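Line by line, the protein sequences give chains A and B. Under the numbering used here, the first residue of the first sequence is numbered 1, with each subsequent residue one higher. Under the numbering used here, the first residue of the second sequence is numbered 1001, with each subsequent residue one higher.
Since the hints were made in silico from the structure, they are not lab data. Where hints are given, some of them may not hold.
What the hints assert, rightly or not - Below, computed lysine to aspartate or glutamate pairings styled on EDC-like, alpha-carbon distance capped at 20 Å:
| # | chain 1 | residue 1 | chain 2 | residue 2 |
| --- | --- | --- | --- | --- |
| 1 | B | Lys1237 | B | Asp1159 |
| 2 | A | Lys156 | A | Glu191 |
| 3 | A | Lys84 | B | Glu1140 |
| 4 | B | Lys1108 | A | Glu269 |
| 5 | B | Lys1108 | A | Asp95 |
| 6 | B | Lys1145 | A | Glu83 |
| 7 | B | Lys1145 | A | Asp95 |
No experiment lies behind these values; they were computed from the predicted model shown.
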Amino acid sequence: MNDAKIYEVLKQHFGYEHFRDGQLATIKALLAGKNTLAILPTGGGKSLLYQLPAYLLPGPVLVVSPLISLMQDQVDRLHRNGEKRVLMLSGGGQDRRQQLSQLSQAKFIFASPELLANPEVVRALQRTKLSLLTIDEAHCISQWGPDFRPEYLLLKQLRHELDDPVTLLLTATATPRVRHDILTKVGLSAEQVVTIVRSVNRPNIFLAASELASSDEKQTTLLKLVTTLPGAGIVYFASRRLATQMAEWLRENSTLAVAAYHAGMPSAERFRIQQQFMDNQLQLICATSAFGMGIDKDDIRFVIHYHLPTSLENYVQEIGRAGRDGQQSAAVLLYAPGDEQLARQLTTTELPPAGLYQKVQQGQADRRVLGPDYELFDFYIRHHYSISQLRESFGKRQSQVAWQLHQMQKYASLTSCRRQFILAYFGESTVEQTDCCDIDEPGWLSKPLLPPRKTTVVPKKNERWDTQLQRLLNLDKESNFHFSNLDKQ
Amino acid sequence: MNTYLLRLCSYRQPRRIRVIENVLTSHRTVANLFWAQQYGILEWLGARRQANQDQLDFELRELQAAGLVEVVADNQVKLTTTGVSFQEEQPPVYEPAFYSWYWLANTKVAFLRFLLGFQVVSEFSYHNRHYVPLNISFAEQQQVKSWFNHFGSDHLVGDVNAELQLLMNSLESEDERLPLALVNQLIGHGQTGWTLDQLCNHLQLNVADGITLTHDLALAICAFSRATNGPLACLIKPLLSATPLSPSNWRTFKMVSSGRTITEVARQRRLKVSTVREHLLTAAILMPQLLNWDQLLPIKVRQYLDQNYQGPVTEWQFASWSADSNADFFYFRLYQILQGSQTNE
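Could you build the full structure based on these sequences and the hints that come with them?
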């Protein structure tokens, strides 16, 4: 495939003239039929890596993605681009049967690893000649594999069942150890894969953290930050309830247009909030981590964490939603004593007693006796894990999780450069840059670091309902029932 | 603080928390429907399908902490005197007008379908294909897609406009906030629509009134769709129930009404006798005026019940009087429903 053709598709379907660093090399490798592991920083344009080849390859692209919200963001983005041949496999029963019957018309198919463990889905995909298998957020294979999302472990088998299609493994954050783990779990060796790595560093994101004595102090600091930092921002919380309460509190105590956003909200509310944020009608979103896994807003100026994330991998992913337009942005972590307890709770999985596990394994007890995580343990039972294998696997994972959380705590309490700490964590060498972090510039908040706030779009007020309806339906005011510009197109 | 649950509580009558929750989320068991009828909150069936137990418990705890309600024995809740004063000083500023249509549809599904249908028409009027459609279930998307394929001609935009003008005018005659709420909840070209907070803010409602109004609006759309034949009404019609009873329940009811006994219906329909009884109790609660009470409550049983059960029906304690305690309980409940509905009237 020559470069000219690739650039033509870039212009025609995406409206860009140039590729970002690492994109062209990845796309060329894929089009040459090579399995590729692409580690590009957040905001590096990873979705283009499978979207562009889809227009140059004969069959559809299957994208395996860990979260529905992430898939939905990708689907929305394709719709916004005018692409309608998109199918997100979800749900069961009639919905799924209908979806599978439409596989042949799709150019982009999205599915979670759990859904791909279903034989009916696999059989339908086998009949569809896939041109590319993409595993998005591929670090989940390593990060979540043994405990949280065991179905990731089945992707190796799935790939084989689908006739070993050319595979793209995508991630923004992977230490050398994780890279190795990703390949092993997918059943590929380093020699079978082209690896394209770009630095995890996002030079335009200023890094800051505040250690605060109490939750009251944390709340006051948050208010100061959101009223001082210009532009659109996201504040991440560990719980839906707190995200909702703080959104209300910030609305009452500032002039900002604030909304809460989490997966427990009605779908129309989520839709409205996401679109209003994109259109700059909302300035601040108080969210749980479900928000913005792939949000297509490039001018988010700051990301604040009100709670300690469970790992630097997660943190770097989440702050990476800031500054995709390349302009100066900021990431602030607020940390109060005891925060690590909450993070620890979120990452701890209690193993069931050996006797109970064996009873379920032998069909002498219902799997529900294994506690709230019974579905997780059921996976291992179905795949013939003994209790000692389970213990070993979980033990390893638990110490890894504890280490990751410890690194996160260390980051929050650093007295040396935060950026160097992150780069070292991901096995990269140090960089020198200005506007780096609060250790170098303790008075950063009083400086005009970020570009000025864009004008907030205020929706029209006091419009009569009939005028508003006519505008929504593009009707001429004088003649109610005619298109105003049907003939002008 | 969300004061929504205050409307469903009473000072005189302690009410079961789980019944209130099950009514709001439309969990239709005979027991829930019976208690909903006794509490006089049947019309709130399905009024908050989005809410879950955690959320409602949280709202209740807040009301409790503010001293407006108290939780009494058996997980029941009642208004306190402070709660009564609060309601008198700050009465709801929105009174629903369409709640008697509570049985007409699952308003959550119907409203989302309505929103997506309108969005498609709005973007179509601007010849825009580059937009993000409202995310609803795949099956629902397919319904909207085939509806659009059927209706999508040059007339569609004008027809939808005429239809909505009619709907908005009817809504305006009921309450002038309703057409404003509807037009601003629509999703369309250049408009994402108000969130619940924004709706409350613009219409100066508290969140409880905002939720009540939104459900009322969805019921109004369903009732309008039932009576008209515009394109959007045709999109909604397949979601509407013909009667407050489910089709299966309705069949049982019709067969019994035509003179068949419960045992005959159970045999013919291959249902358990207990299921047929449940169908009849549901019909007694939801459509009491259509029931032939004399046929269902034999005179001797009625006399026995008249003698043994008096006073407030919610305080009656069931005790079997024959060898068939299931049949006894059916008669007891039926009699309770009959007496309860007469008291409520």
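We went through each hint and held it up to the structure:
1. Lys1237(B) - Asp1159(B): Holds - the C-alpha atoms of Asp1159(B) and Lys1237(B) are around 17 Å apart, at most 20 Å.
2. Lys156(A) - Glu191(A): holds, 17 Å
3. Lys84(A) - Glu1140(B): holds, 16 Å
4. Lys1108(B) - Glu269(A): This hinted pair holds, its Cα atoms lying about 12 Å apart.
5. Lys1108(B) - Asp95(A): Measuring from Cα to Cα gives roughly 18 Å; hence the hint holds.
6. Lys1145(B) - Glu83(A): holds, 16 Å
7. Lys1145(B) - Asp95(A): Measuring from Cα to Cα gives roughly 14 Å; hence the hint holds.
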